[in-house]
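Protein chains: 2
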Amino acid sequence: MRTPYSQRQERLRKALRAAKADAFLTLHGPNVLYLCGFSGSSAALLVEPRGARLWTDSRYTFQAAEEVASAGVRIVKGSLLAAVGERLRKLSALHVGFEASRLTVQQLQLLRKAAGSKVRWQKVHSLLEAQRAVKEPGEIALMQKSAALGSQVFEDVLPLIRPGVREFELAAEIEYRMRRLGASGPAFETIVAFGERSALPHARPTQRRLRKNELVVLDLGAILRHYCCDLTRTVYFGRAPARIRGWYQAVLEAQTAARSALRPGVTAGQVDEAARSVLQKHRLGRFFTHSTGHGLGLEVHEDPSLAAGQQQKLQSFNVVTLEPGVYVQGVGGIRIEDDAVVTPGEARILTTARRELLEL
Amino acid sequence: MRTPYSQRQERLRKALRAAKADAFLTLHGPNVLYLCGFSGSSAALLVEPRGARLWTDSRYTFQAAEEVASAGVRIVKGSLLAAVGERLRKLSALHVGFEASRLTVQQLQLLRKAAGSKVRWQKVHSLLEAQRAVKEPGEIALMQKSAALGSQVFEDVLPLIRPGVREFELAAEIEYRMRRLGASGPAFETIVAFGERSALPHARPTQRRLRKNELVVLDLGAILRHYCCDLTRTVYFGRAPARIRGWYQAVLEAQTAARSALRPGVTAGQVDEAARSVLQKHRLGRFFTHSTGHGLGLEVHEDPSLAAGQQQKLQSFNVVTLEPGVYVQGVGGIRIEDDAVVTPGEARILTTARRELLEL
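Quick mapping for you: the protein sequence lines, in order, are chains A and B.
Add 140 to a position in the first sequence, counting from 1, and you land on the number used in our numbering.
Add 140 to a position in the second sequence, counting from 1, and you land on the number used in our numbering.
This is chain A alone, in the form it adopts within the complex (with noise of 0.2 Å):
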């Protein structure tokens, strides 16, 4: 039986012979592990046209013998790009794929040396980064369980959220949690912002405490073998003022929006309007300062990216996350951020912590 790991090379050969490539060179980690299995970091993977090839140094020997079949390993003592270089001329008059987008100015000119004048290199346009945006069903599989684990995370600390606690306590607390239920770490640092504080998109921690009749922001992902999620939710310490209540309503009703808009065939930009038009019919578009959702998998954001204007057409098994919300400078903000697999039907979500305003 061939392993995913295989298949996924042989799929790659054929983008790459599409665009007119013979090989592919990655040092980036998250393609190498999707493309042989190597979770180390540090790695240069060549998908060649027959094979493909795995260089590694020696803190991780046996790491690489115990998770990489489907490529040739070789440990090395200096520098990785100089090994690859060496193997690339004996290869000879190769078009090599790489990513223009990843490789450094610097690795590049390494590289180019090294293999000679012989290789053409070639760039290929988020060729991989296309191919990882359509999820097998072992992989939803997995990001399931990851989403499971962050909406318990989620559940389990609603009751921390008491008078006096900290905005970096909470964060520890959740960061402690997911460890325990087997995340090998946050996928992001872990976002608590209290009152004024939830007006930050991106607010770290601070020493905040927490007051009673104030938002509670937390947004969380956890990455659970390899895979990570990403879950937001806004809570309310108190009971919430009419206005809160109505910003709250707003920004559900536009994440069901874009949940309703999620189907193949529709532009990443067509979701994102989804999600914007109920938030400007509401007047509250000149809050929502961001985009609607990202891409989701082995790395936090990835393909596609649900922004305004974005063309591209989403497809079966692209998982993105859902998370519109408004920031009121000053005042707080409400934001409601949800994991969701594009399928030929409804939105299959995939986190399923509750989603309605919990007054606490």
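Read the hints as simulated data drawn from the structure, not as lab findings.
Hints may be right or wrong, so weigh each one.
No copy is singled out in the list; a pair is fine if it fits within one copy or between any two copies.
[Unchecked claim] Computed cross-link-like contacts, DSS-like style, restricted to lysine-lysine with a CA-CA straight-line distance of at most 25 Å:
| id | residue 1 | residue 2 |
| --- | --- | --- |
| 1 | Lys217 | Lys421 |
| 2 | Lys230 | Lys160 |
| 3 | Lys421 | Lys154 |
| 4 | Lys253 | Lys263 |
| 5 | Lys154 | Lys285 |
| 6 | Lys263 | Lys154 |
| 7 | Lys217 | Lys453 |
| 8 | Lys285 | Lys230 |
| 9 | Lys230 | Lys217 |
| 10 | Lys285 | Lys421 |
| 11 | Lys352 | Lys285 |
| 12 | Lys263 | Lys453 |
| 13 | Lys230 | Lys154 |
| 14 | Lys421 | Lys160 |
| 15 | Lys263 | Lys160 |
| 16 | Lys352 | Lys421 |
Assemble the complex: chain A is given as a structure, and chain B must be docked to it using the hints.
Below, chain B without anything else, positioned relative to chain A:
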């Protein structure tokens, strides 16, 4: 009074002039933070002949206003690089230093196009890294606090090293305690490795339970107010057999030798050699499979690298890890790591955790 940021910019300008460049562009988070105090996840900073300019997006409007005094802030709707290019067109005929080891092939291409042909793009090699490698008194004070926090966490989790505890549970406890003590998060994925798994220098915590008479390697790093610490201790759960004691003493002796070798004017390679030759004397040289240490600061791996043959000379107020180890496949590994400041006298050790072999 001038801020440390404007002083840092001024020092950089001096180095730029020596490299025949007029301005410096960076997109690298830690470099942006170092030069202007902005800690958001997406930004471009241009240090100009006079003044500096920061571009970021609307998620960070308030944060940038709060954090940045020593650069003009521009909030950009579209591409940051397009905005940088526009600015460069106005300045015209500049030599802009860029980081070839950070900027991607695609980014440079976009910048060239956006800035027009009058701007000359000049690779500057590790210019800012060299500056960052020599820590200011204020930075060392922060790093001392970070190292004290890491050391405290090590001592705090010792009572949790009990039969049946799982590797990932200990990792969760370690990261939780960091957070509770005020860290913004771990500087890297915490390593907890029991028994034969300690032979993997970069072991990822698993479900593996601790049994009696096993080695335990804990390698942890915290980020406190943006500065990293990095600490490894190896303890024995039970009474260590003579062979393990022998290895431990050899690693300890190697680390002490590295400490003694650490002073301004010696090469990084000489410090590595000091540790390595001790292990060779004990016939353990072939089990020491990585380098002796690395610089530490805003990033967990910085300049200088204490690797074999490195000719770079150390300077006062470099901060480095010293972390020799031995790794015997099928048996286990031992690593002892501290963080040290190069000073004209004896190296100043920032980490305070006990260094003798603890048998629990």
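For each hint, the structure was consulted:
1. Lys217 x Lys421: Classified as between; 22 Å across copies, 61 Å inside a copy.
2. Lys230 x Lys160: Close inside one copy (20 Å), not across copies (40 Å); limit 25 Å.
3. Lys421 x Lys154: neither (46 Å within a copy, 54 Å between copies)
4. Lys253 x Lys263: both (17 Å within a copy, 17 Å between copies)
5. Lys154 x Lys285: Classified as neither: same-chain Cα gap 31 Å, cross-chain 53 Å, threshold 25 Å.
6. Lys263 x Lys154: Answer is within; shortest intra-copy Cα gap is 16 Å, inter-copy 36 Å.
7. Lys217 x Lys453: Between. Shortest inter-copy distance 22 Å satisfies the 25 Å Cα cut-off; intra-copy 44 Å does not.
8. Lys285 x Lys230: Result: close neither inside a copy nor across copies, 44 Å intra and 52 Å inter.
9. Lys230 x Lys217: within (20 Å within a copy, 47 Å between copies)
10. Lys285 x Lys421: neither (36 Å within a copy, 51 Å between copies)
11. Lys352 x Lys285: The answer is neither: 34 Å in one copy and 33 Å across copies each exceed 25 Å.
12. Lys263 x Lys453: Result: close within a single copy only, 22 Å intra versus 38 Å inter.
13. Lys230 x Lys154: within (23 Å within a copy, 45 Å between copies)
14. Lys421 x Lys160: Intra 48 Å, inter 55 Å, cutoff 25 Å: neither.
15. Lys263 x Lys160: Classified as within: same-chain Cα gap 11 Å, cross-chain 31 Å, threshold 25 Å.
16. Lys352 x Lys421: neither (31 Å within a copy, 65 Å between copies)
Comparing the model with each earlier hint shows violations of hints 3, 5, 8, 10, 11, 14 and 16; every other hint is respected.
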